[in-house]
Amino acid sequence: MTAVATTAPPRPAAAARRKLRPAPLEYGRRTWLRAVMVVSFIFLYAPIVTLIAFSFNNSKRNVTWEGFTLDYYVKALNNTALHDTLINSMIVAFWSTLASTIIGSLLGVALQRFRFPLKGPYEGLIHLPIVIPEVCMAAAMLVFFAKFVGIPFGLFTITASHIAFSFPFVAVVVRSRMAGFDESLEEASRDLGANPWQTFFNVTLPYMMPGVVAGALLAFTLSLDDFLITFFVSGPSSTTFPVKIYSMVRQSVTPEVNAASTMLILVTLTVTAIGMWFQSRSGKKSVGHG
Amino acid sequence: MDKRKSIISIQHVSKRFGGSVTAVDDAHLEIEEGEFFALLGPSGCGKTTLLRMLAGFELPSEGQIMIDGQPMEGVEPDKRPVNMVFQSYAVFPHMSVERNVGYGLRVTGVGADETKRRVAEALALVKMEKFADRMPNQLSGGQRQRVALARALVKRPKVLLLDEPLSALDAKLREAMQLELVRLQQSVGITFVIVTHDQDEALSMANRIAVMEAGKVRQIAPPAELYEFPNSRFVADFIGKMNLFEGRVSGASGNQIVVDAKGLGRIAVPFSGSAQGDVGIAVRPEKIRLDRSEPGNDRIRLRGRVTEVAYYGDESAVFLEDSGGISVNVNVPNEARSTTPAFAIGDELWLSWNPADTLVLTA
Chain A
5 MTAVATTAPP
15 RPAAAARRKL
25 RPAPLEYGRR
35 TWLRAVMVVS
45 FIFLYAPIVT
55 LIAFSFNNSK
65 RNVTWEGFTL
75 DYYVKALNNT
85 ALHDTLINSM
95 IVAFWSTLAS
105 TIIGSLLGVA
115 LQRFRFPLKG
125 PYEGLIHLPI
135 VIPEVCMAAA
145 MLVFFAKFVG
155 IPFGLFTITA
165 SHIAFSFPFV
175 AVVVRSRMAG
185 FDESLEEASR
195 DLGANPWQTF
205 FNVTLPYMMP
215 GVVAGALLAF
225 TLSLDDFLIT
235 FFVSGPSSTT
245 FPVKIYSMVR
255 QSVTPEVNAA
265 STMLILVTLT
275 VTAIGMWFQS
285 RSGKKSVGHG
Chain B
215 MDKRKSIISI
225 QHVSKRFGGS
235 VTAVDDAHLE
245 IEEGEFFALL
255 GPSGCGKTTL
265 LRMLAGFELP
275 SEGQIMIDGQ
285 PMEGVEPDKR
295 PVNMVFQSYA
305 VFPHMSVERN
315 VGYGLRVTGV
325 GADETKRRVA
335 EALALVKMEK
345 FADRMPNQLS
355 GGQRQRVALA
365 RALVKRPKVL
375 LLDEPLSALD
385 AKLREAMQLE
395 LVRLQQSVGI
405 TFVIVTHDQD
415 EALSMANRIA
425 VMEAGKVRQI
435 APPAELYEFP
445 NSRFVADFIG
455 KMNLFEGRVS
465 GASGNQIVVD
475 AKGLGRIAVP
485 FSGSAQGDVG
495 IAVRPEKIRL
505 DRSEPGNDRI
515 RLRGRVTEVA
525 YYGDESAVFL
535 EDSGGISVNV
545 NVPNEARSTT
555 PAFAIGDELW
565 LSWNPADTLV
575 LTA
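So the sequence lines, in the order shown, correspond to chains A and B. Each number in the numbering used here comes from the position in the first sequence (counting from 1) with 4 added on. Each number in the numbering used here comes from the position in the second sequence (counting from 1) with 214 added on.
Just to be clear, a hint being listed does not mean it is correct.
Which residues of chain B face chain A? A few of them, derived with a C-beta cut under 8 Å, are [what the hints assert, rightly or not]:
| no. | residue |
| --- | --- |
| 1 | Phe271 |
| 2 | Asn297 |
| 3 | Ser302 |
| 4 | Ala304 |
| 5 | Gly318 |
| 6 | Val321 |
| 7 | Arg365 |
| 8 | Lys369 |
Derived Cβ-Cβ restraints for the label pairs, each shown as a range [to be verified]:
| no. | chain 1 | residue 1 | chain 2 | residue 2 | range |
| --- | --- | --- | --- | --- | --- |
| 9 | B | Lys293 | A | Leu129 | 36 to 44 Å |
| 10 | B | Gly527 | A | Glu187 | 36 to 44 Å |
| 11 | B | Ala524 | A | Met280 | 57 to 65 Å |
| 12 | B | Ala390 | A | Leu129 | 48 to 56 Å |
| 13 | B | Gly403 | A | Met280 | 45 to 53 Å |
| 14 | A | Met280 | B | Lys344 | 32 to 40 Å |
| 15 | B | Gly232 | A | Met280 | 42 to 50 Å |
| 16 | B | Lys293 | A | Leu110 | 20 to 28 Å |
| 17 | B | Gly527 | A | Leu110 | 57 to 65 Å |
The hints are simulated quantities; they were obtained by calculation from the structure and are not laboratory data. Using N, Cα and C, we set each Cβ at its ideal position, and we do this for glycine too.
One chain only, chain A, in its complex shape:
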């Protein structure tokens, strides 16, 4: 650019063309780029918007729009079977999130910090549940609980399975957070008179926290909406929300299903929003309590 300017004055046409070329951040002026963004957005959200819209549909068959109603929300909220499954889902999600967050965080820190023999293969195996086809995990869990341990299927087996596939995700998130950790911060803390526990709670944990929260959120949503593995290891009285929705759909697709799903989306969004708020707060303000 500067070479052109110094050798000869640019011709008006060339100058005009150059003026038209948008700067890298002026994405709004590239039509195709805008199109890609719009299409991606529609692709992502059209089904969800449709689901929510048709939850207000006053039609039993729920194929065409018949008019607005909140009846199906009332129906869904009064559906005790749905209640029970939602409570089941919440119980499973709570314990699974708690356990996998603790195990995953500790593992993430350990993997980031320590070197030990066979660390490479160990790490690979830890990450394997993330890439193993879910149906294989499900079958493995089924066989393990039924033939190997002999535990009756129920909330316990569901929770255990959820912990098993969630904690590697937490470990990965926490580990990547800890990759940027300056270990001299811990040394500084010890140097200033803090014991190892004080150091962990005042220095290490606050730094880890965004990773831990993100990992916990991931574990929570993974558990809440898991269908396949849950379906394999659940017992007669331990149906979770997604499994229940599936059985309702098999009978008939009424707006009640849509209403129930919409409420689940709402719960997930709320939890995520709380998590993000907490994360942004911990990034800005002190969370260490001396």
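Could you slot chain B onto chain A? The hints should help.
Chain B alone, transformed into the frame defined by chain A:
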């Protein structure tokens, strides 16, 4: 120097990593109370490892460290009467300046009122009172370093350890901080032990310097003694610039020895010790005088041709070569204001210096 109380005693300390790597090899030295002591050496010489052993982050493989008369074996870092300023400053990113500085008092159960008072004092000491409520990411590198200093000093340690504290600062700021660290050390009276690879830093700040090489302490001396009387080729070469001539002792008379040196012929130089065999004859670039006419024969002389002149403003470095190919570096102060150099490439000149300025290096 009057003999003061020893605050740190490093007794035949060695540190080996993984059995084969010897980071510190039989270090043996005393650091006196109120001293500004520097551990100087190239990277990988073991100076940081030695400092970390004082702080308790590394344990000696052999030997013993005493701080204020107490053996430090088995004493955890949080129980040692020393505090450290880290190379990366290690300011806690999630705490305000005030909370950072007060951290060491809070975790050891010092009361809220006393903490507040001492934090204010420490911040005033490093001129950071106005920044008490700032978060570390709102501070410059120099300010963060002041926070790290205040955070360590607020603990009133017996010894303050500084690990390459100025290496992350730009040149101007580094110079200002050098002076300020010296002022600070004098006002608080605490022993400072600084690790640095920068000889200017060590020379300008420290009372005494230990030069380390490959895990070994080569020489411990005040700055001027280290510069003028280095005890080995390594120290002579590491501190400042040095011209070295290889020679062989051919005789001794009184407090002089006679050396046959390559490029200098047979010379007699003052030397009080005993030396025989191969020795190094060394002279600093600023001790050599350049003349167009032959200097008196009471000086050590040789002739050389100018091969290079480097202009630094305050002085010029003139590089010469004699007929045998030995190159000599001479520093010439630019005393008079002039834009024409006093010496040009190709000039045939006399180099000479006072025999008393000659060093005989036996190691």
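Hint by hint, here is what the structure shows:
1. The interface hint given for phenylalanine 271/B holds, since its Cβ lies 6 Å from the closest Cβ of chain A, which is under the 8 Å cut-off.
2. With its C-beta approaching chain A no nearer than about 6 Å, asparagine 297/B sits inside the 8 Å limit, and its interface hint holds.
3. Contact between serine 302/B and chain A, as hinted, is supported at the beta carbon level, the nearest pair being about 5 Å apart and thus within 8 Å.
4. Checking alanine 304/B against chain A: minimum C-beta separation of about 4 Å stays under 8 Å; hint holds.
5. Of the supplied interface hints, the one on glycine 318/B holds, with its beta-carbon coming within about 3 Å of a beta-carbon of chain A, less than 8 Å.
6. Given the 8 Å rule on beta carbons, the hint for valine 321/B holds: about 4 Å separates it from the nearest Cβ of chain A.
7. The restraint placing arginine 365/B at the interface with chain A holds, with a minimum CB-CB distance near 7 Å, inside the 8 Å limit.
8. Interface hint status for lysine 369/B: upheld, as the beta-carbon distance to the closest one in chain A is roughly 6 Å, under 8 Å.
9. Restraint check, lysine 293/B to leucine 129/A: a C-beta distance of roughly 40 Å satisfies the suggested window 36 to 44 Å.
10. Look at glycine 527/B against glutamate 187/A: about 43 Å separates their beta carbons, and that is inside 36 to 44 Å.
11. The given range of 57 to 65 Å is respected by alanine 524/B and methionine 280/A, whose C-beta atoms sit roughly 59 Å from each other.
12. At roughly 54 Å, the beta-carbon separation of alanine 390/B and leucine 129/A lies within the given 48 to 56 Å, and the hint holds.
13. Remark: the range hint 45 to 53 Å for glycine 403/B to methionine 280/A is upheld by a beta-carbon distance near 51 Å.
14. A hinted range of 32 to 40 Å holds for the C-beta pair methionine 280/A and lysine 344/B, which are about 34 Å apart.
15. Range check, glycine 232/B to methionine 280/A: Cβ separation about 45 Å, and the 42 to 50 Å hint holds.
16. Distance hint check for lysine 293/B and leucine 110/A: the Cβ-Cβ separation is about 27 Å, which falls inside the suggested range of 20 to 28 Å.
17. Between glycine 527/B and leucine 110/A the CB atoms are about 59 Å apart, so this pair conforms to the stated range of 57 to 65 Å.
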